[in-house]
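Undergrad: Quick one: dock chain against chain with the hints and give me the complex.
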Amino acid sequence: MSTLKDKIIACLKENGADLVGFSNVDRFADKIPQKIFPETKTVIGIAFRILRGSHRGTEEGTTYYQYSTTGIEALEETVMPMAMLKACGILEDHGFAGLPQKRNQTIMSEADSTNPEVDYMGIYRGVDSECQLDFENSAVLCGLGELGFHGTLLTDDFGPLQRYCFILTDAEFEQTPIAEQRLCDNCGECVAACPGKAISADGKKDPWQCAAYYKGANMKKNPFMPAEAFADAPERLAIITGEAKLSSERAREIIDQIIFYPPIKQGYVSSICGKACDISCYVHLEKKGVLRKKFNSEFRKREEWQLPILEINETA
Amino acid sequence: MINSELIKNKAKEFGVDIVGIGDINLFEGSIPQRDPRMILPAAKCVIGCGFRVPRALYHTMNSKTQFFNYTQLGVKYIDEEFSEIFLLKMGALIENEGYDACLQRNVSNLRIKGDKTTNPELIDTYELAYAEPVEDGKPAPDIIMDFGRSAEICGLGSVSVKGSVITPEFGPFVRFVFIVTDAPLECDAPFAGNLCDECGECMYACPGNAIDMETGLDTWQCAVYYRGAHKSNPFMTKDFLSGNPEREAIVNGKKRFNAESARALYPELDFLPSRQSGYIPCLCGKKCNLTCYEHLKEKKII
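In order, the protein sequence lines correspond to chains E and B.
Each residue of the first sequence is one higher than the one before, starting from 4 at the first, in this note's numbering.
Each residue of the second sequence is one higher than the one before, starting from 614 at the first, in this note's numbering.
20 Å max Cα-Cα, derived PhoX-like pairs, lysine-lysine:
{"hint": "1", "chain 1": "B", "residue 1": "K702", "chain 2": "E", "residue 2": "K297"}
{"hint": "2", "chain 1": "E", "residue 1": "K16", "chain 2": "B", "residue 2": "K625"}
{"hint": "3", "chain 1": "E", "residue 1": "K16", "chain 2": "E", "residue 2": "K296"}
{"hint": "4", "chain 1": "E", "residue 1": "K8", "chain 2": "E", "residue 2": "K44"}
{"hint": "5", "chain 1": "E", "residue 1": "K89", "chain 2": "B", "residue 2": "K702"}
No lab work stands behind these hints: they were computed from the structure.
Next comes chain B alone, as it looks inside the complex (with noise of 0.2 Å):
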């Protein structure tokens, strides 16, 4: 017989290090295209699974000594092989049982019609501009659940100023998954409280002056420093953008970039491997990510 406990110890033992359970009904009020209802209209709760990155992915990026293995294995190898190894394994589970499992990994290359803002971990993401409702009363697909949401809800962590899930295990160090379910879960609590304390770290952290304390991160302008724009990056060379106005406004992190101006930049921040999977080789670091992690650690919040 299928129950919570069954389910979070199973999670575990396929590989993942937190897990949650989330109550469907405390997604009324998402908008429609990341209500989780809309994909399974019976569904009773959903699991929230969170994976580990090792910490000393990020700290060899700061030491500038190694930087693709980061994303090769902490974003990648994440998202693209091991969560989804985890997922069937998890729905094959639930489905013995009798119930459906809808697995809903990173949807990294998608964005929903309307969402003007791109994924800075990948080569470039697609809005699904044209989508249409196929019925009255559902979204325009695709439905792309707000993982940040998700994970509040599913108990795991809150979400920081500059959008990512900070947990008290990992703090931001941590990847999720999640799977839609009518079976009847026991579920826990939503996450009570805020672990960032908006102390401001990782928007000063940002070589690209990526991150507003009130609107967020601007996708667009961490696109482009994400991919090493900045002059903190190893692998620029001299000639980086030579002959080009505005490089020192660019490399000192000052211009403002919009989709257009990013995809125009984009071909000049070719600096290490990404065609053959996709994913763009991280070289800022992840330093807003660090410096939330080292001050969360200081301040004994995690």
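The following block holds chain E by itself, in its conformation from the complex (with noise of 0.2 Å):
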């Protein structure tokens, strides 16, 4: 006879989630759970991988199209919060609580930070009475995986390809051990691949930064991008090379001219640099045969394109 931990993992999986983990609300030291849910006694961590191919289009520089719809949006907006609810519901069926926990993508404590996966218009700062869980600690203490150089959550299975969310609740289960830090070799990959130089060398992200060349203030990896882009910006060059260091005010204004791809639903921005850092980070891993799911062939099979710099009303 299954135990409640075996229906409730069984039902994730069932639902898209590729990964699950179990904390004690005990390692969080941080006290969010306790704070959101007081009753929390165990924190449910659920991963669901990035599909490699839906990266492929843009490691062809063919198609942006389909990596923030299937890689992002679904996943965050459809897959992610079905698995989640009917997993609470096993947990309300057995006579325990069950608080899913997906992540805001527009509400945030700071004063003055993005979140470049959405518009930053819609973004909602400074707001400190919506508690939301450190959903890359969370994962770690979840037992789901470690936290790379860049801060993105590496798993043994995809490495950094998967996105996450978590249940709260006042059932007790035995818990996950927290993965040991084997993948990340601080490599600085994921550094030198950031169109924008949006990681610092001490790995910390800055988010208008990385906002701005996410989508796709980088003429070289930017092939929707007109010559005329930025034609009135006294730092062009600095800008459409990546060079250029974004005050939040100023990536505000750069970010409201990138306006040559459409948006997707839901208020997420498509993606241009294709998360060119979790891709490294992921080609790395791959090429060090660290990963569990195994290709039959590489994911990386030339070296990668880059457009040349035009100058203004030059042509292609």
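TA: So this is what it looks like as structure tokens:
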């Protein structure tokens, strides 16, 4: 006879989850789960792979739509909520509470930060009273994986290619061991790959810098950018080569001018950088042979493409 | 071990109604911006899957009792939720076997560079006019597969005069998704023959005269009447376009629209909500597809 834990895992996997981990709430020194739901005894971490094939179009430079829709939006807005709601239903059927925790894409406690994945104008900042888990830390505590140099969760199966969510519950479960730090070797490939130099030498990501280049401010990696882009900007060359260091104000102005590819639905910005940081990390881990999920062929087939920097009015 | 039978069985288990597998080599001759080999150069086949749209959703529009559900469930939910859940499950199944799965859902709001048509189902569409190839030998992004041609290659149906895919099982009441993969699956034969007998029923049924038997569907004309510019729209009030000298021509489907004039009229065609989902409620009742379906049934073609 299957246990409640088995039923929860089976339900989540049936609904698209790939990894499930359990953490006793005592592991959470930040006490955020208890603040959100004081009766919390266990935090369930749930990871959903981003298909490697969803990145293929950006890697080839031929299709951008499918990564942002099937790799981000569909997982966050459709697949993960359904899986969590069904698992919470099972918990309730057994007399426990189940509180689903989806990443708030448009609410943050910081006064002047942003989330590159969504329209910066849609974000409510400085909101302290809407508690949110520290997603990266929580994933580690639930035993899903380790944090890489650039702050991304890395798992044995998928490297950096997954998204995740949580369920807080007053049910007690045997917890998953915390993963040993074994994947990230601080190679720095993520730092070098970012077309906007948004990751500093110590691995810290500048969210505004990231937002501008996520949306495609670097001409060398944006096939949709016309030559006349940023024609009036005094530091045009620095912007389109990824050398400009942007303040949050300037990043806003830059982002407003990147109108060459429409947003996808539900307020998500289309990723033109193709998450180069994560992809370079994946390529590195795959080459090292440390990922559990193997493919019949390596992801990176040839040297990365790069577009020329065009003068204003020059044709490609 | 992955094989065609497993893929087809799983696809049906995960919710599609029809599934076929097309040989990638049959895309030879496609224009590069429609060619799935440009998405995954090592691709061996394309898996084509169709979701039926319940025919009762068309009947309630025809009887003018309910319009909104067709768009919400028959269009938006299938394209935005159902198909994505399905594709991700299938993709995981394929990637678990070590093959790549490049999911191709309907790219509803984009048009490839040079494509000046629109999608009547959306608030508006965006042409990727500035796109340039990233390397020699590649087309300008995005590659957006020709779903009609792909359905034929996967053996699922044939493309009608107006550009809809007609299937033997559901006539034109189907929506499609595709997966481009390097998995070595046994392929189906492409669809043989043409289910469309060019009867012209779709052309006569369109309240906006958007279909021409020679040139197919005029998408901008369609977009205006799909939104309800015709007099058979039950939501239209007497004061619709009052004072507009072209009112009679418009409501009788006589005026011809292009991108500019269609977009200019869009704000007047706001009969049911669309802003939340981005999908325009269908107020023509998709009479083109309904008459097509009834014709095919009567002729025992489907």
